[in-house]
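Protein chains: 2
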Amino acid sequence: MASGPDFEQIRQARERIAPYVYRTPVLRSASLDRASGARLFFKCENFQRTGSFKIRGATNAIYSLGEGIASRGVVTHSSGNHGAAVAYAARGRHIPAWVVVPENAPEIKRRAIADFGAEIVTSKPTLDSRESAAREILDRTGATLIHPYDDDRIIAGQATATVELIEEAGELDYIFAPVSGGGLLSGTAIAAQSLQPRIRIVGCEPARADDAFRSLKSGHLEKNVTADTIADGLRASLAERTFAILRERLDRIILVEESEIIAAMRLVWERMKIIIEPSSAVPVAAAISGKLDLSGRRVGIVLSGGNVDLARFFDS
Amino acid sequence: MASGPDFEQIRQARERIAPYVYRTPVLRSASLDRASGARLFFKCENFQRTGSFKIRGATNAIYSLGEGIASRGVVTHSSGNHGAAVAYAARGRHIPAWVVVPENAPEIKRRAIADFGAEIVTSKPTLDSRESAAREILDRTGATLIHPYDDDRIIAGQATATVELIEEAGELDYIFAPVSGGGLLSGTAIAAQSLQPRIRIVGCEPARADDAFRSLKSGHLEKNVTADTIADGLRASLAERTFAILRERLDRIILVEESEIIAAMRLVWERMKIIIEPSSAVPVAAAISGKLDLSGRRVGIVLSGGNVDLARFFDS
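Residue numbers (my numbering), protein chains in the order written: chain A, 1 to 316; chain B, 1001 to 1316.
No wet-lab data here; the hints were simulated from the structure.
From the three backbone atoms N, C-alpha and C, an ideal C-beta is built for every residue, glycine too.
Among the clues, some could well be false.
With beta-carbon atoms standing in for the labels, derived distance ranges [unchecked claim]: (1) B:Ala-1030 x A:Glu-171: 43 to 49 Å; (2) B:Glu-1131 x A:Arg-111: 39 to 45 Å; (3) A:Arg-72 x B:Arg-1252: 40 to 46 Å; (4) A:Ala-114 x B:Glu-1131: 35 to 41 Å; (5) B:Phe-1314 x A:Asp-139: 42 to 48 Å; (6) A:Ser-71 x B:Asp-1251: 47 to 53 Å; (7) B:Gly-1296 x A:Ser-71: 32 to 38 Å; (8) A:Ala-114 x B:Gly-1290: 44 to 50 Å; (9) A:Arg-247 x B:Arg-1023: 41 to 47 Å; (10) A:Thr-141 x B:Arg-1266: 35 to 41 Å; (11) A:Arg-11 x B:Glu-1257: 29 to 35 Å; (12) B:Tyr-1022 x A:Arg-11: 56 to 62 Å; (13) B:Pro-1019 x A:Pro-25: 21 to 27 Å; (14) A:Pro-25 x B:Val-1225: 56 to 62 Å.
Which chain A residues stay away from chain B? Per the calculated CB distances, all over 12 Å, these [to be verified]: (15) Glu-45; (16) Arg-49; (17) Gly-66; (18) Ile-95; (19) Thr-122; (20) Phe-213; (21) Leu-221; (22) Glu-240; (23) Val-308; (24) Asp-315.
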């Protein structure tokens, strides 16, 4: 029996979140086609509300809650795109949100979350401290935890990006998407293979945070001990739930080095004139790496987000 | 009798260039709507081939030439987007191109032109030296000069962007476009007013290169003595031809300061996640400046290009 949400749950998620998220465009690029040898279809979640795909899952999870439960609010302990997405979706539903942010998080991320009206709770930078801060809020308020990926409602929400991608691009040979905790990649795989059973799903991961690669190789859930990568959205490790889905469905994982991530990000900025964050550059780097021969193939690429601190360009 | 190309010439230009240029998207932005009070429709010529609208005019001019004339090649003395566009269009028609580039031009611009296969001729940085270098090539080769704006075929080509904008956006109250030599703005005005006679056209100009503003005020063609603006595409001065068109058709010119240009550029990068060059930020700055009350208005904005040297971000 297949793990994770089924296509009916993805269909429901799509209907539920439609009023609150954008249908983002699918872009082409002659330059990137040349660089990869393939025909690439870029699903531009960098243009999404809050600047990443995370709003899809957060909206689906938060709008799935019954009135009574919802009114007590929601909690998460992600300081990145998921934190901002939970804050945004909670504001849209007029319920309180608490976001646990480690004391060393960049000011720009803290501000994005606060701007969306969530209450920020500062913790030590360890996972332990973040989890216990979240637990304290849950106990005190009766709020609901919105996990960034270990949740079928989140996975079903993230999957909706791939449904739109395939509607626009038609038949695809591959989809490349980044992998961190595996929520986006799991949703991508379930949605794509429900619509086109022979499509191959390629997870793309920084070599410096390669827990998914190692987990699929060993057959056991492995963790990242360090995750010192510029792809700041890809530092988490798989959960049992997402590991089970990916074991069933993934074609392979391609690892990319830091220099490949930066070069791919620059190529997209320069040639496509769109701003993507380093995590989005990971599948682009994988597609142009030559590690998989894509000549003449039709390949979907999920550009997961566009949140980059531009101070370096504008304040220097 | 109206000056410049008529709508029939614009229609022909569109047909002529259609196989060689992109139909660029028209984007919306909730953030920029809030900042301006208007409903903004951004015509994204930053996504255009060669990274700017200039390819439209250059393609129309070059593909208008008869076989015999064309085979002798084309010359221009613009080191910026027009130079790259002429190089690209000439390569497409398999004819030689010479581009006069002043010795102090940035290496990145020189490389873009050379990558498109044009021959680069280096001159001193004065207009005099550039013009005499171009004349020498014309005399020697029998090639045709492709002027960046003082040419009805160029104006008709640039006008095609506005035809597409209006097809997508529908009825508009205003169109904001940048003004430099006036080719884009003239084409914008003719196309827009042919389709929607009551539409108002607003030229947007850096205060540090305000020749068009002064010319329209005095009624005489004024020149920029200096043009020390970050908007490197907007340093040229009007020609008699474009001045005549703009006198007939322009609602007004809005001047913006350097700090407004940079802030508008950053806002577009951060919120819309697209890369625009400083010249494109000039009409955005004008629209959010409050100098014209746009509350509830439907406003088209021509984002003219996206060619920015990203070394500052990636090499630091």
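Review point. Which earlier hints can't be squared with this structure?
Key: As far as the earlier hints go, 1, 2, 3, 4, 8, 11, 12, 14, 15, 16, 23, 24 are violated by this structure, in ascending order.
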